[in-house]
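A.B. asks: Protein sequences, first through last, are from chains A and B.
Our numbering puts the first residue of the first sequence at 1, with every later residue one more than the last.
Our numbering puts the first residue of the second sequence at 1, with every later residue one more than the last.
Read the hints as simulated data drawn from the structure, not as lab findings.
Take the hints with a grain of salt, since some may be wrong.
As the list claims (entries may be wrong) - Listed next, the in silico DSS-like pairs over lysine-lysine satisfying Cα-Cα at most 30 Å (straight line): (1) Lys212(A) with Lys84(B); (2) Lys212(A) with Lys116(B); (3) Lys8(B) with Lys154(B); (4) Lys116(B) with Lys192(A).
Said to hold, decoys possible - Here are a few chain A residues that sit away from chain B, every Cβ distance over 12 Å (derived from the structure): (5) Leu28; (6) Ser29; (7) Asp66; (8) Lys93; (9) Cys113; (10) Thr140.
Unchecked claim - Here are the simulated distance ranges between beta carbons: (11) Lys212(A) with Lys155(B): 33 to 41 Å; (12) Ser63(A) with Arg70(B): 39 to 47 Å; (13) Trp182(A) with Trp34(B): 27 to 35 Å; (14) Gln142(A) with Arg70(B): 49 to 57 Å.
Ideal Cβ placement from N, Cα and C applies to all residues, glycine included.
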Amino acid sequence: MKTVEEIKAAIEAAVPGAGVEFVPNPSLSAQHSLRLAPESAVAVATFLRDDAELTLDFLSNVSGVDWPDKEVAEKVKVTRTVTKTVDGPDGQKVDQQVEETVEETRKHVEPGCLEAVYHLYSVSKKHGPLVIRLRTANRTDQIELPSLTPVWRAAEFQEREVFDLYGIVFAGHPDLRRILMWPEFKDHPMRKDYVEPDDFEYEPTAHDEVLKRAQEHKDSEQGTGIRDQEAAAK
Amino acid sequence: MAVDQNLKIELGKQGIFVTTIEELYNWGRRSSVWPMQFGLACCAIEMIATTMARYDLARFGAEVFRPSPRQADLMIVSGTVTKKMAPQVVRLYNQMAEPRYVIAMGACAISGGPFKQGYNVLKGIDRYIPVDVHIPGCPPRPEALIQAFMTLQKKIDGQPLTGEGRPRHLDANAQGEFPVPEQGEHDLEPTSNHGVWPVPITIR
Numbered sequence: 001m002k003t004v005e006e007i008k009a010a011i012e013a014a015v016p017g018a019g020v021e022f023v024p025n026p027s028l029s030a031q032h033s034l035r036l037a038p039e040s041a042v043a044v045a046t047f048l049r050d051d052a053e054l055t056l057d058f059l060s061n062v063s064g065v066d067w068p069d070k071e072v073a074e075k076v077k078v079t080r081t082v083t084k085t086v087d088g089p090d091g092q093k094v095d096q097q098v099e100e101t102v103e104e105t106r107k108h109v110e111p112g113c114l115e116a117v118y119h120l121y122s123v124s125k126k127h128g129p130l131v132i133r134l135r136t137a138n139r140t141d142q143i144e145l146p147s148l149t150p151v152w153r154a155a156e157f158q159e160r161e162v163f164d165l166y167g168i169v170f171a172g173h174p175d176l177r178r179i180l181m182w183p184e185f186k187d188h189p190m191r192k193d194y195v196e197p198d199d200f201e202y203e204p205t206a207h208d209e210v211l212k213r214a215q216e217h218k219d220s221e222q223g224t225g226i227r228d229q230e231a232a233a234k
Numbered sequence: 001m002a003v004d005q006n007l008k009i010e011l012g013k014q015g016i017f018v019t020t021i022e023e024l025y026n027w028g029r030r031s032s033v034w035p036m037q038f039g040l041a042c043c044a045i046e047m048i049a050t051t052m053a054r055y056d057l058a059r060f061g062a063e064v065f066r067p068s069p070r071q072a073d074l075m076i077v078s079g080t081v082t083k084k085m086a087p088q089v090v091r092l093y094n095q096m097a098e099p100r101y102v103i104a105m106g107a108c109a110i111s112g113g114p115f116k117q118g119y120n121v122l123k124g125i126d127r128y129i130p131v132d133v134h135i136p137g138c139p140p141r142p143e144a145l146i147q148a149f150m151t152l153q154k155k156i157d158g159q160p161l162t163g164e165g166r167p168r169h170l171d172a173n174a175q176g177e178f179p180v181p182e183q184g185e186h187d188l189e190p191t192s193n194h195g196v197w198p199v200p201i202t203i204r
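Model the full structure from these sequences, guided by the hints.
C.D. replies: In structure tokens form, the structure reads like this:
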């Protein structure tokens with residue numbers, strides 16, 4: 001198979017304005033990937049499937065990735081003017097403007113996003129995988145990505161699963177419903193900020209994380225009278 | 001009224017069989033417990049093995065697995081009860097006719113098992129329906145299911161027909177229907193039926 005860089009060049013030649021970005025993988029596996037722009041993703045995917053040399057006709061799996069908002073601390077050199085009192089030539093105190101360079105730590109929040117990762121193979125050419133990624137703009141309101149189900153039918157259930165567990169909305173999906181959780185469910189359990197339901201009322205052998213959660217549950221019950229019976233038993 | 005055991009044996013030697021209605025009635029009940037044909041996860045494979053020739057649950061009068069809850073006496077909850085499946089399990093239990101019994105088979109059905117810390121697994125089916133016999137194990141061997149079945153038979157055998165502890169179909173005031181949990185926005189609602197499952201008190 002062509003290298004990922006060559007595939008990127010082929011895509012750019014075939015789909016004008018594709019906006020494909022090369023994502024290197026610095027680890028030993030060196031499984032580099034391509035990040036597609038959501039606007040041209042369907043056109044690029046169709047090219048990858050139909051191109052005579054690539055013929056990536058098999059979608060192996062679709063994964064979801066949650067990138068939470070990240071606080072980044074940066075050290076910046078700042079030059080500012082400070083007034084200093086220095087001894088003048090005739091023994092008097094004189095104020096003088098002095099320029100000073102100070103290192104400052106600045107924090108800013110890098111907005112997170114949701115990502116869908118597709119692994120493609122070619123059954124007829126016996127090569128692969130090619131990894132392509134799609135990113136949403138953020139993780140709250142702009143969570144729409146184009147569905148690749150019209151290109152590879154195999155994406156249908158897996159995109160539903162990504163929708164269910166990560167909350168990415170796939171535009172153009174023929175049947176976008178929750179697949180694992182019930183329809184009334186509101187959360188997306190695989191997101192990093194998912195809060196699990198509190199059903200730690202009975203933990204006879206609690207330890208580590210469970211012990212912490214059980215203790216939190218016990219504290220939340222303080223004063224509600226639920227545990228009076230237990231106190232009486234002691 | 002119980003028959004004197006020695007007299008019964010003596011009469012038996014003479015070819016006379018003496019029993020009580022209660023004994024006869026319970027013998028009939030315990031010898032034809034029909035389980036429901038219903039499996040949830042890998043424990044169901046062991047349940048199937050139990051009914052096959054090697055372990056042969058038919059020896060205990062339970063060879064007929066009924067595919068309808070209306071014809072079944074015993075629900076073997078064999079496997080992980082997810083929160084998506086739990087309302088259906090309770091609904092099936094409600095549809096069974098009295099007298100009905102429940103065996104919770106395996107670590108998942110009794111407590112959530114290895115998936116206990118997951119957000120989508122019910123921590124034991126006894127939170128919603130009354131369970132008669134719990135079997136630990138992951139999965140329990142067919143011998144364990146047979147042991148549980150024999151325990152249930154002993155329980156049926158020991159039930160008096162009148163007074164305290166009589167089977168529910170002879171008790172007009174017994175609860176017949178158990179509330180089916182709703183699937184809420186974050187969890188099942190309610191998260192347990194406190195009438196069936198008062199939160200156990202841990203004394204250390």
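A.B. asks: Each hint: holds or not?
C.D. replies: Against the structure, the hints come out as follows:
no. : hint                                 : in the structure
1   : Lys212(A) with Lys84(B)              : holds, 26 Å
2   : Lys212(A) with Lys116(B)             : holds, 15 Å
3   : Lys8(B) with Lys154(B)               : holds, 21 Å
4   : Lys116(B) with Lys192(A)             : holds, 19 Å
5   : Leu28                                : holds, 33 Å
6   : Ser29                                : holds, 30 Å
7   : Asp66                                : holds, 15 Å
8   : Lys93                                : holds, 69 Å
9   : Cys113                               : holds, 23 Å
10  : Thr140                               : holds, 18 Å
11  : Lys212(A) with Lys155(B): 33 to 41 Å : holds, 39 Å
12  : Ser63(A) with Arg70(B): 39 to 47 Å   : holds, 44 Å
13  : Trp182(A) with Trp34(B): 27 to 35 Å  : holds, 31 Å
14  : Gln142(A) with Arg70(B): 49 to 57 Å  : holds, 52 Å
Violated hints are absent here; each numbered hint is respected by the structure.
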